[in-house]
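Q: One line per chain: the protein sequences are F and D, in this order.
Going by the UniProt record's numbering, the first sequence opens with residue 1, and the numbers climb by one from there.
Going by the UniProt record's numbering, the second sequence opens with residue 1, and the numbers climb by one from there.
One should not assume that every hint holds.
Among the chain D residues that face chain F by a calculated CB cut under 7 Å, a handful are [said to hold, decoys possible]:
(1) Ala114
(2) Leu186
(3) Asn191
(4) Pro221
(5) Phe240
(6) Asp250
Computed list of chain F residues with no C-beta within reach of chain D, every gap over 12 Å [unchecked claim]:
(7) Pro60
(8) Ala63
(9) Val87
(10) Arg95
(11) Arg102
(12) Val110
(13) Met128
(14) Ala148
(15) Asp184
(16) Val188
(17) Phe209
Think of the hints as simulated: they come from the structure by calculation, not from any bench.
Built from N, CA and C at the ideal position, the CB exists for glycine as well.
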Amino acid sequence: MASQNASLAADSMVGEESLGVTNGKLGMWAFLVMDAMTFAGLLAGYARLRWTPGSDWPLPIEAFGFTGIQLTALNTFILICSSVSMVHVLAEQMRGNMERARKWMLFTIVGGLIFLGIQGFEWTHLIMDMWPYLFDEGYEAAYSVNFAATFFILTGFHGLHVSVGVIYNVIIYLGLRSGKITKDDTSVVEIAGLYWHFVDLVWILVFTFVYLI
Amino acid sequence: MEIKAKGYLSPLSEEAKTSLWVYLKEWMCTTDAKRIGVLYLIFATFMAIWGGILSVIIRLELAQAGPDIITDAAFYNALPGMHATAMIFFFIIPAFTGVANFIVPIQIGAPDMAFPKLNLAAFWILPPAAILTFAGFFMNSLPEFGWTAYPPLSNSVYSPIWGADFWVVGLILVGVSSTLGAVNFLATVFNMRCKGMKMFQLPLFTWAMTVTSFLILAATPVLTSALLMLTFERMFPGVFYFFNPAGGGDPILYQHLFWFYSHPAVYIMILPGFGMVSEVIQVFSRKHIFGYVLMVWSMIAIAVLGFLVWAHHMFATGIALEIRVGFMFLTMLIAVPTGIKIFSWLATMWGGSIKFDTPMLFAAAFLAMFTIGGLSGVVVAAVPVDIQLHDTYYVVAHIHYVLVAGSLMTAFAGVYFWFPKMTGRFYNELLGKVHFWLTAIFINVTFFIQHWLGMKGMPRRYYDYDPAFELANLISSVGSVVLFLAQFIFIANMLWSWRKGKVAEDNAWKDGFTLEWQITSPPDHHNFHHEPYWKPLVRQHVGPDQPGGLWHRYDD
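Build the full structure now, drawing on both the sequences and the hints.
A: What follows is the structure, given as structure tokens:
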């Protein structure tokens, strides 16, 4: 019995913090540093291939056809809006307006889904219409194939992040709806928010590199 | 079957007391960092034997000039890469992670790691990753591009085999495992320290794991990005070109990304060892570490500089001379913080009342041999010399002095040192000493002569060589076989002592002052019976019965 009590006492010690933030938040920050470095590696690859002497890099505005930069700019706007709505989720939760927090969360999820939908549309267009060499060896690429390769790996890796983020947000939403996440569990929402804002932030880099420069 | 054990080794549930199966299940699904640490160590031991077998096959083949025991040159060609992969990714790094899982939470007064479930997940990624990485052995499709996997050699044109695909995916998984581990260590160290413990009061082993975790966090994802690009280039030939010059790719880009990880990786493989040696030397010299603050800053300096020197692996690729000179300078600069550490260890021993038990023997021998490895590192850091020695056995000698006489010896020092804490029993000292002497002597027999081989021009990774090199190669091969066999003394010692060894006290070496020596051997589930409190350091040598000294930091 004595040892059981000792073990219970020890259990209560799990989760003690000395920095004043939760373990989860610290862990998420560390994870994001790691993730940022992965993107950094891919972006470094992009930069090296693009600025290699003799690389036949097209102007992005010409290379994307009718989906163009405008559609992706709209998509970027939607993603940033979903980040704003994520801020509202936390704000409303802190005020105790759980009903409104849920609605903002839904808005965030829909924003993520629209982003993925538009990206899927863009990919389909590019693969089927603009870059036929991807499937048919008879065609030749009109320009450096590294352009398409870096495009797909950067936007694809980011799209994977958005997908994970949407699933993550859906889990949070379900938690808010079922009452498992209460108005006191702000840290849970804050950590999900960290991830979602990171996904947005990285997209701005990817968008700038791949589409704008 | 009835299981007799104590501390964290004991069964956690009533069923586990009578059923071995339930007891094993408790271990496999445990979230106790100590148990996960032991799982890491068991895994690492198997991988060490596996990597050791591969190295012995290599050395037996090279014992004489000409093809001897291996008739298939392609098979030989794959061996060095597989040996390196096993030793680096599946032995050394997991072995250190294992010890750290056990010791770090206790040293900072925490009941467990910050994310116990994540910890278990990080471990269980490793065995499937190992199976994938070495799948080529079962499928007769071994990747022949070495552990560095330079394209275009590793692309789908030159290595169109499944074994290579599995190898790449296996390595990505190892990266995921070690980054998850690093996230966990950082959150643990920064957030779970007991009351009163400041960052600059952390034991040096914990500091070493903190710095290492930062290295992993910043470096490993870059390798992952390179491997992702390599995978896509392999999977979709004709569509994705990143590294293949035929499609406008840049093979040097891969090398930059690869070494941006793999150079810091050598510090991932040695800094935890530095931490262990710091603990061992303090306790066995019965003195507090000399220059604690400088020791910490040296580790940080080594980590920062470690990110600025990757291109010294690429002196022979034709990069601009100015860049090469810059990297040469930065590389040589690392000798400064490393030298500070070596001299601090020596100063700690100076005037100490030294006990030469096995852990201390390993630590002391490490100091001597790592210095040789460090100095040969300065030699190959010099651009003109490196151009001559590139891809010769000199480099093989250098890396083995650093990793075998460095990482392996420090890992032994750490495991012997904490074995009484882990099991509650002492290892057999005589067997430990026999193991030490055989290891220390035959590391030198195996690797020292390889410096000479390299300077005379013997290339690495070759199947056959000039008969003029035969005697030196024979000496090296004999050394490697004895070195390999000697390790079974260690394994036998550990297995025997775990059941039959002399029972250890809580403070097994009597002079341990960090928190792990204040609790029971082996530690109980959740380590501490009540919340520990860390009192500020008192830098004087006092015994446990004298209040106010180093001893009264945790009152049980």
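Q: Run every hint past the structure and note whether it holds.
A: Each hint tested on the structure:
1. Ala114: At about 4 Å, which falls below the 7 Å cut-off, the nearest Cβ of chain F leaves the hint on alanine 114(D) intact, so it holds.
2. Leu186: Because about 5 Å separates leucine 186(D) from the closest Cβ in chain F, which is inside the 7 Å limit, the hint holds.
3. Asn191: 5 Å, holds
4. Pro221: At about 4 Å, which falls below the 7 Å cut-off, the nearest Cβ of chain F leaves the hint on proline 221(D) intact, so it holds.
5. Phe240: Since chain F brings a Cβ to about 4 Å from phenylalanine 240(D), closer than 7 Å, the hint holds.
6. Asp250: 6 Å, holds
7. Pro60: Proline 60(F) is indeed farther than 12 Å from all Cβ atoms of chain D, at 17 Å.
8. Ala63: 15 Å, holds
9. Val87: Holds, because the least Cβ-Cβ distance between valine 87(F) and chain D comes to about 24 Å, which exceeds 12 Å.
10. Arg95: 28 Å, holds
11. Arg102: Nearest chain D Cβ is 27 Å from arginine 102(F), so the label holds.
12. Val110: 30 Å, holds
13. Met128: Consistent with the label, methionine 128(F) stays out of reach of chain D, its closest Cβ about 14 Å off (over 12 Å).
14. Ala148: 7 Å, violated
15. Asp184: 20 Å, holds
16. Val188: The claim holds: valine 188(F) sits with its nearest Cβ about 14 Å from chain D, beyond 12 Å.
17. Phe209: 14 Å, holds
The structure does not agree with numbered hint 14 stated previously, though it agrees with all others.
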